[in-house]
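*Asks:* Model the full structure from these sequences, guided by the hints.
Top to bottom, those sequences are chains D and Z.
Note that the first sequence covers residues 148 to 765 in this note's numbering.
Note that the second sequence covers residues 371 to 569 in this note's numbering.
There's no promise every hint is true.
Some chain Z residues close to chain D (C-beta under 8 Å, calculated; not the full set) [stated by the list, open to error]:
#	residue
1	Val383
2	Met408
3	Gly419
4	Gly438
5	Cys458
6	Ser459
7	Thr475
8	Thr482
9	Tyr483
10	Pro484
11	Gly513
12	Asn514
Coverage of chain D stretches by chain Z, computed from C-beta distances (three or more under 8 Å per stretch; other residues unrestricted) [as the list claims (entries may be wrong)]:
#	region
13	512 to 523
14	681 to 691
Keep in mind that the hints were calculated from the coordinates and are not lab data.
Predicted, not measured: the structure shown is a model, and the values here were computed from it.
Virtual Cβ for every residue (Gly too), placed ideally from N, Cα, C.
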Amino acid sequence: MHKLLVDEPGKKMLLLGNEAIARGAIEAGVAFASTYPGTPSSEISLNFFQIAPQSDLYFEYSTNEKVALEVAAAAANSGLRSMCVMKHVGMNVAADALMTLAYVGVKGSLVILTADDPFMFSSQNEQDNRYYGKLSGLPVLEPSSVEEAKEMVGYAFDLSEELGEPVIFRTTTRINHSTEIVSFGEIRKPETGGKFVKDPLNYVTVPAVSRKLHVRLLENQKRAGQIAEKSPWNFINGEKSASWGIICNGVSFGYVSDAVMDLDIEEKVKILRIGFSHPMPKALVQDFLKGCDRVLVAEEGEPYMEEAVKAAAQEAGMTLPISGKGEEYFSRLSEFNPSLVRQVVATFFGVEIEKPEPLDLSDVPEIPQRPPNLCAGCSHRATFYAVKTAAEGMDTVYPTDIGCYTLGFLPPLSMGDFLICMGSSTGSAGGFAVATKQKVISFIGDSTFFHSGIPGLVNAVFNNHDFTLVILDNGTTAMTGHQPHPGVDMKAMNFEGYGQVSIEAVVKALGVGHVTTIKPYNVKKSIEAVKEAIAFPGVSVVISKEPCVLFAKGLGKKRGKPFTVTSKCKNHRDCINALGCPAFYTEGDAVKIDPDACTGCSVCAQICPEHAISPVKE
Amino acid sequence: MSTDITRLIIVAVGGQGNLLTSRVIGEAALMADVPIRMSEIHGMAQRGGVVESALVFGDAKSSIIADGEADLLVGFEPSETLRALNKCSSKTEVITNTAPTPPFTVAIGRGTYPDLEAAKALIRKKTAKLIAFDAAKLAREAGNIMSVNMVLLGAVMQTRKLPLTTEAVREAIRTRTKASFVETNLKAFQLGYDAAANA
Numbered sequence: 148m149h150k151l152l153v154d155e156p157g158k159k160m161l162l163l164g165n166e167a168i169a170r171g172a173i174e175a176g177v178a179f180a181s182t183y184p185g186t187p188s189s190e191i192s193l194n195f196f197q198i199a200p201q202s203d204l205y206f207e208y209s210t211n212e213k214v215a216l217e218v219a220a221a222a223a224n225s226g227l228r229s230m231c232v233m234k235h236v237g238m239n240v241a242a243d244a245l246m247t248l249a250y251v252g253v254k255g256s257l258v259i260l261t262a263d264d265p266f267m268f269s270s271q272n273e274q275d276n277r278y279y280g281k282l283s284g285l286p287v288l289e290p291s292s293v294e295e296a297k298e299m300v301g302y303a304f305d306l307s308e309e310l311g312e313p314v315i316f317r318t319t320t321r322i323n324h325s326t327e328i329v330s331f332g333e334i335r336k337p338e339t340g341g342k343f344v345k346d347p348l349n350y351v352t353v354p355a356v357s358r359k360l361h362v363r364l365l366e367n368q369k370r371a372g373q374i375a376e377k378s379p380w381n382f383i384n385g386e387k388s389a390s391w392g393i394i395c396n397g398v399s400f401g402y403v404s405d406a407v408m409d410l411d412i413e414e415k416v417k418i419l420r421i422g423f424s425h426p427m428p429k430a431l432v433q434d435f436l437k438g439c440d441r442v443l444v445a446e447e448g449e450p451y452m453e454e455a456v457k458a459a460a461q462e463a464g465m466t467l468p469i470s471g472k473g474e475e476y477f478s479r480l481s482e483f484n485p486s487l488v489r490q491v492v493a494t495f496f497g498v499e500i501e502k503p504e505p506l507d508l509s510d511v512p513e514i515p516q517r518p519p520n521l522c523a524g525c526s527h528r529a530t531f532y533a534v535k536t537a538a539e540g541m542d543t544v545y546p547t548d549i550g551c552y553t554l555g556f557l558p559p560l561s562m563g564d565f566l567i568c569m570g571s572s573t574g575s576a577g578g579f580a581v582a583t584k585q586k587v588i589s590f591i592g593d594s595t596f597f598h599s600g601i602p603g604l605v606n607a608v609f610n611n612h613d614f615t616l617v618i619l620d621n622g623t624t625a626m627t628g629h630q631p632h633p634g635v636d637m638k639a640m641n642f643e644g645y646g647q648v649s650i651e652a653v654v655k656a657l658g659v660g661h662v663t664t665i666k667p668y669n670v671k672k673s674i675e676a677v678k679e680a681i682a683f684p685g686v687s688v689v690i691s692k693e694p695c696v697l698f699a700k701g702l703g704k705k706r707g708k709p710f711t712v713t714s715k716c717k718n719h720r721d722c723i724n725a726l727g728c729p730a731f732y733t734e735g736d737a738v739k740i741d742p743d744a745c746t747g748c749s750v751c752a753q754i755c756p757e758h759a760i761s762p763v764k765e
Numbered sequence: 371m372s373t374d375i376t377r378l379i380i381v382a383v384g385g386q387g388n389l390l391t392s393r394v395i396g397e398a399a400l401m402a403d404v405p406i407r408m409s410e411i412h413g414m415a416q417r418g419g420v421v422e423s424a425l426v427f428g429d430a431k432s433s434i435i436a437d438g439e440a441d442l443l444v445g446f447e448p449s450e451t452l453r454a455l456n457k458c459s460s461k462t463e464v465i466t467n468t469a470p471t472p473p474f475t476v477a478i479g480r481g482t483y484p485d486l487e488a489a490k491a492l493i494r495k496k497t498a499k500l501i502a503f504d505a506a507k508l509a510r511e512a513g514n515i516m517s518v519n520m521v522l523l524g525a526v527m528q529t530r531k532l533p534l535t536t537e538a539v540r541e542a543i544r545t546r547t548k549a550s551f552v553e554t555n556l557k558a559f560q561l562g563y564d565a566a567a568n569a
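*Replies:* This is the structure we're talking about:
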């Protein structure tokens with residue numbers, strides 16, 4: 148049995164935040180879950196994927212976050228407890244569905260989880276999704292710890308049911324990827340077998356219906372505000388008589404609590420922890436401010452609470468100093484840490500702080516960087532090499548997309564010039580092709596192609612853009628941990644009941660004039676095929692098909708024989724300088740291949756001018 | 371800063387088994403009823419990047435460790451130990467593997483790997499204590515090069531800095547690592563434990 152299905156209330160387990168969230172949903176009787184994978188949220192849905200075959204839970208990897216939210220919205224309106232999981236930027240994709248789903252509401256319950264990523268450990272921006280609560284009018288809940296996350300997920304379902312609205316559950320990386328000891332509660336049996344009751348005047352959002360539904364949304368928002376005022380997730384810690392106030396949320400609550408203890412100011416400070424952050428509990432905030440001389444707002448990201456707290460103070464005619472973001476105190480950039488919060492708390496309240504002597508590291512030599520790199524034998528490297536060689540001498544623009552292959556932008560490959568979001572490789576390629584005389588060759592992965600690459604390609608065919616799209620088809624969603632996507636042969640992985648969509652058939656059906664499929668480990672043939680594609684006027688597509696080496700290894704597929712550098716080597720170093728494969732290393736002047744890292748892809752052997760690289764002899 | 375809180379940082383290269391080490395320590399803490407919070411950054415780990423784990427024992431509410439605030443730093447790779455020195459103060463004890471895994475940037479001529487002896491001298495000068503030995507050699511001796519993590523876990527327990535007994539950690543290795551590796555893992559753990567006593 149999956150460890151998150153263990154039905155032993157009171158049992159304690161060491162859980163990753165994302166496991167605790169999945170367990171919380173299981174305890175709450177979640178019956179339907181959907182997602183598009185994205186760090187830092189991915190392990191929540193990975194656990195659902197593993198749990199579904201062993202339980203009554205229906206789970207699916209949807210093609211993108213908008214689709215994921217739409218399927219979940221339908222399930223929730225058929226009466227099921229539903230959950231939709233995504234990373235913060237996924238909310239942008241789902242936003243169209245989200246904004247009007249808030250008008251329509253839900254009949255069962257729906258929890259929408261957004262995993263924000265302050266500092267951008269693995270994201271393209273650090274947007275603060277609490278504003279989606281404000282924008283859509285939906286309630287927002289934010290846990291401060293792993294254990295609390297599990298409890299709060301259960302409450303989120305109840306709240307959604309009570310209000311008839313989806314609830315936004317907002318985490319940050321340090322909740323998703325922290326591990327704590329968590330106590331299990333009881334598991335509620337999921338209710339499956341939903342039934343949709345027709346009610347077009349409340350479900351079909353033509354203007355006349357939506358005008359009525361907007362009124363209802365505002366009423367629900369008001370009710371949510373009343374619930375937030377009394378919510379146990381918004382609580383005050385510390386002495387009532389204390390005159391220094393700190394308002395905080397999420398992981399900041401832990402840092403603030405530790406800082407107050409470390410600074411030994413427990414008697415002077417009271418802390419208002421906001422866990423139910425949209426609507427902000429205005430009366431509770433005003434009441435908290437009343438007894439305070441000055442108030443610090445500690446929140447990562449944007450001044451979301453700070454603005455609300457200042458507005459609440461103004462309405463109550465209070466003029467006490469309230470600060471948060473700004474040059475003196477907290478930054479809107481990056482994530483907080485305990486020391487930073489301690490410093491700001493000390494500065495704001497004028498507390499003496501023992502400044503630890505930081506180590507003098509000026510005499511530490513420069514340490515070579517260890518950036519993430521495409522794996523040894525990665526098929527993307529072979530494809531990038533083929534395209535780079537085929538386009539040699541041309542003035543090129545290489546729009547790229549989101550996945551492992553984004554790493555191709557690093558030297559020595561340097562294949563990647565423009566990237567803003569999932570799917571942007573196809574849309575932006577058309578723009579570059581029209582706006583410039585440069586040769587445009589664009590890269591997109593298989594999962595990203597299905598996610599949001601197709602509309603851009605349709606656009607290119609219709610508007611007759613001139614570029615080549617290279618689809619890097621490695622048969623999995625590699626970057627986020629090898630999740631399936633619509634192009635994957637699920638039967639080969641022993642999963643029944645799935646369909647399969649052929650990328651080649653899709654591309655041809657769209658009317659792309661020139662479509663070829665290459666095997667990237669065959670270097671010469673690949674270069675020739677790419678040359679033909681880029682010579683084609685109009686939209687051309689090259690599908691580069693080769694399984695992800697890491698995924699193949701995980702499936703127990705045998706690797707090829709490793710290669711070695713023989714005595715014929717004359718140290719041209721084309722292998723190292725052109726490919727940057729991490730199986731290579733140097734020993735003095737000699738180029739070597741680590742046989743444990745080499746996967747036997749043979750690409751280096753094919754480009755060596757001396758034919759000095761050959762398979763290891765037994 | 372509260373003194374009954376212990377802060378441990380582990381740095382490693384993706385694939386060296388850092389996360390399993392944290393997991394074993396966490397399970398030992400769970401068995402011993404010691405409060406623990408851990409956090410990890412591993413987004414790109416499988417792509418050869420750096421993996422960092424923070425483990426906070428005691429009644430702190432934070433699960434991450436700020437610069438200068440680690441009580442113990444364990445580096446699975448010597449240049450990564452050196453890179454993580456910003457997490458240390460003059461009171462920090464440091465354990466490092468001395469077997470290098472040079473980053474690929476060195477092979478393509480974008481950086482020079484630091485001199486090991488000089489690196490050790492620097493760490494020794496700046497921190498309270500340095501325990502440095504070839505953990506890869508001991509892992510091979512235990513029968514599995516992949517058990518470098520268990521060798522270093524043994525060294526961690528030798529410092530007696532964590533509020534855990536060696537027996538609790540052994541038990542966690544027995545029950546929480548793959549059955550077929552338990553024997554080599556325990557052997558590796560012991561080799562690291564002994565090596566740290568003499569290093």
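*Asks:* The structure should be examined with respect to each hint, and the outcome stated for every one.
*Replies:* We went through each hint and held it up to the structure:
1. Val383: Check passed: Cβ of Val383 (chain Z) comes within 7 Å of chain D, closer than 8 Å.
2. Met408: At 4 Å from the nearest chain D Cβ, Met408 (chain Z) passes the 8 Å test, so the hint holds.
3. Gly419: holds, 4 Å
4. Gly438: OK, holds: Gly438 (chain Z) within 8 Å of chain D, min 5 Å.
5. Cys458: holds, 6 Å
6. Ser459: holds, 6 Å
7. Thr475: With a closest approach of 5 Å, the Thr475 (chain Z) hint holds.
8. Thr482: Holds, because the Cβ-Cβ distance from Thr482 (chain Z) to chain D comes to roughly 7 Å (cut-off 8 Å).
9. Tyr483: Constraint on Tyr483 (chain Z) satisfied, holds at 6 Å.
10. Pro484: holds, 5 Å
11. Gly513: violated, 16 Å
12. Asn514: With a minimum Cβ separation of about 13 Å from chain D (threshold 8 Å), the hint on Asn514 (chain Z) is violated.
13. 512 to 523: Our answer is that it holds, as 11 residues pass the Cβ test (under 8 Å) against chain Z, meeting three.
14. 681 to 691: Not satisfied, violated; 0 residues make the cut.
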